[in-house]
Amino acid sequence: MGRLEDALALALAEGRCRIGQVLIASGDGGGFELRHRQDAGRTDLERFERAEDARALGTKDDAGGYRPLKTAPTLRRDWVLALPDLSAVCLALDYFYPAALGQWIAWRESRLRITSLRQTVSRQTGMYRITGLITTKQADELTGANCGSAGGCLRTILWKLENDGAELTSLPPEKFSAEFDQTGAGEAVIPLFCSEMCNILVAAARPKVKGEMASKP
Amino acid sequence: MLSVFSKPGSALLIVGHGSTQNPDSSPPSHLHADVIRARRVFGEVACAFWKEEPSLRQADYLFDKREVYVVPNFISEGYFTTTVIPRELELSGPVTTRSDGTVWKYCEPAGSHERMTELLLRRAREVAPGVRESEASLLIVGHGTGLNDNSAVAAKEQVERLRERTQFAEVLATYMEEPPLISKWDELTTAPNVVVVPFFISDGLHSYQDIPVLLGLESEPTAAASERDVFRKNPRELRGRRLYYASAIGTEPQFAEIILDQVAAFDAKHGTT
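Those protein sequences? They're chains A and B, same order as listed.
Residue 193 in the numbering used here sits at position 193 of the first sequence, with consecutive numbering throughout.
Just remember that the numbering used here sits 1000 ahead of the position in the second sequence, which is counted from 1.
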């Protein structure tokens, strides 16, 4: 088994059988079953059996809207994904929550690279170079408006705003806690870490910076 | 030529652009990854994207293997392959050895491979079966302008090769945003049949929604390809011609083979294995 499978086996042994909105359970006839956490116990779910099916299950929300951010709290319901072994579960989880398992292992081994918002915007080029001009206050507002667990993203933020360690003030303390279940259900989870601002937030920074530059007298 | 090497100790990372707007941008990269994974050529296979997840910055955490071949699933060299991907993956050249001991091998983009010409020709013939080449004009349509002018250069190179190898009445490179404009396809061509092949990686925004409007197939952009029940029928009688519109070249299943060929080409060029 590879490191990802080993880590997943360890997580399950620790009782961490939830990741984001997905519940990992033992299958009736061996193997594993993945489903939406809110569909626990249901037997009337549409059944899928290929790890690759996780891609389609994660692409659209219940209203049919595209989910470019896989960690948005909008995973669709009403399905069960039956998989034969840990290797297939790891592959499926990498479609539901890309790289999350690997990032969790790296964090446990103290080798997860954490990048401040300032470092991320400062290395941008092309149309996103302008995001390097974002102020600390703007960055704090931007993150608060886009990254909250209730409607934005279920990741736990590990990065700081500035290289000097300036903290985000626009989100509650639990948003930065590795042990907090960001769905609010209070269960043991494999955390989804945010080790640096994502490109969706970089893209959102551009109109924020340009708009406020344009509105200055 | 089929790629026949085996690299169980290495990983393959296919890098795509991805989109926050259109769900049809990343599937070709994922499907090529599925094909290569099933063939067990590499120990691990994954995709990463500029605009989707996993991001290029998360690629470090996708693999157990210590050696990673990176193949950009892009149509040409350009801004993304020379600036964005090396920056985000922290690549310093063709071979980058990180402080953690992992080795990253940066291959040429899929679209730069010489077999692209063969694929374009295959797609043109598939979309217009039974049509004599001498009675058809072939248009390759690229983006043009923007940060990446190299895609236009790459389209021109393909057109030169196609002219040498085929009997089409004419073969032209056309663009969405610069002359010769694809919107003037009927003025640019003379044959009764016109075959249009988009020189794009996916049936995303440009090839599925924008170009059909420029061709006159649609009066306004349609829903994304994956949200439509009925795929377009070929040919369409339009502006006094028969128009055949293909799907983007990057959706061709043979593209997986080209990705593997770029790995083999990297090893041959850099003397690595």
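Just so you know, these hints were derived from the structure itself, not from any lab.
Just so we're clear, the structure is a prediction, and the values are computed from it rather than from any experiment.
Treat the hints with care, as some may be off.
A few chain A positions that, by computed beta-carbon distances, are all more than 12 Å from chain B [claimed, not checked]:
| no. | residue |
| --- | --- |
| 1 | Ala106 |
| 2 | Arg113 |
| 3 | Glu174 |
Okay, the calculated beta carbon distance ranges per label pair [unchecked claim]:
| no. | chain 1 | residue 1 | chain 2 | residue 2 | range |
| --- | --- | --- | --- | --- | --- |
| 4 | B | Thr1083 | A | Arg3 | 54 to 60 Å |
| 5 | B | Gln1021 | A | Thr136 | 28 to 34 Å |
| 6 | A | Thr135 | B | Gly1216 | 43 to 49 Å |
| 7 | A | Gly144 | B | Arg1122 | 47 to 53 Å |
| 8 | B | Gly1130 | A | Ala214 | 54 to 60 Å |
| 9 | A | Asp78 | B | Thr1222 | 26 to 32 Å |
| 10 | A | Gly27 | B | Arg1239 | 55 to 61 Å |
| 11 | A | Glu141 | B | Glu1157 | 23 to 29 Å |
Interface residues of chain B toward chain A, partial, derived using beta-carbon atoms under 10 Å [stated by the list, open to error]:
| no. | residue |
| --- | --- |
| 12 | Ser1019 |
| 13 | Thr1020 |
| 14 | Asn1022 |
| 15 | Pro1023 |
| 16 | Cys1047 |
| 17 | Ser1055 |
| 18 | Phe1063 |
| 19 | Arg1115 |
| 20 | Gly1216 |
The beta carbon of each residue, even a glycine, is placed where N, CA and C say it ideally should be.
To see whether the hints hold, each was checked on the structure:
no., hint, result
1, Ala106, "6 Å, violated"
2, Arg113, "7 Å, violated"
3, Glu174, "23 Å, holds"
4, Thr1083(B) - Arg3(A): 54 to 60 Å, "32 Å, violated"
5, Gln1021(B) - Thr136(A): 28 to 34 Å, "30 Å, holds"
6, Thr135(A) - Gly1216(B): 43 to 49 Å, "48 Å, holds"
7, Gly144(A) - Arg1122(B): 47 to 53 Å, "51 Å, holds"
8, Gly1130(B) - Ala214(A): 54 to 60 Å, "57 Å, holds"
9, Asp78(A) - Thr1222(B): 26 to 32 Å, "28 Å, holds"
10, Gly27(A) - Arg1239(B): 55 to 61 Å, "58 Å, holds"
11, Glu141(A) - Glu1157(B): 23 to 29 Å, "47 Å, violated"
12, Ser1019, "7 Å, holds"
13, Thr1020, "4 Å, holds"
14, Asn1022, "7 Å, holds"
15, Pro1023, "5 Å, holds"
16, Cys1047, "9 Å, holds"
17, Ser1055, "6 Å, holds"
18, Phe1063, "8 Å, holds"
19, Arg1115, "26 Å, violated"
20, Gly1216, "27 Å, violated"
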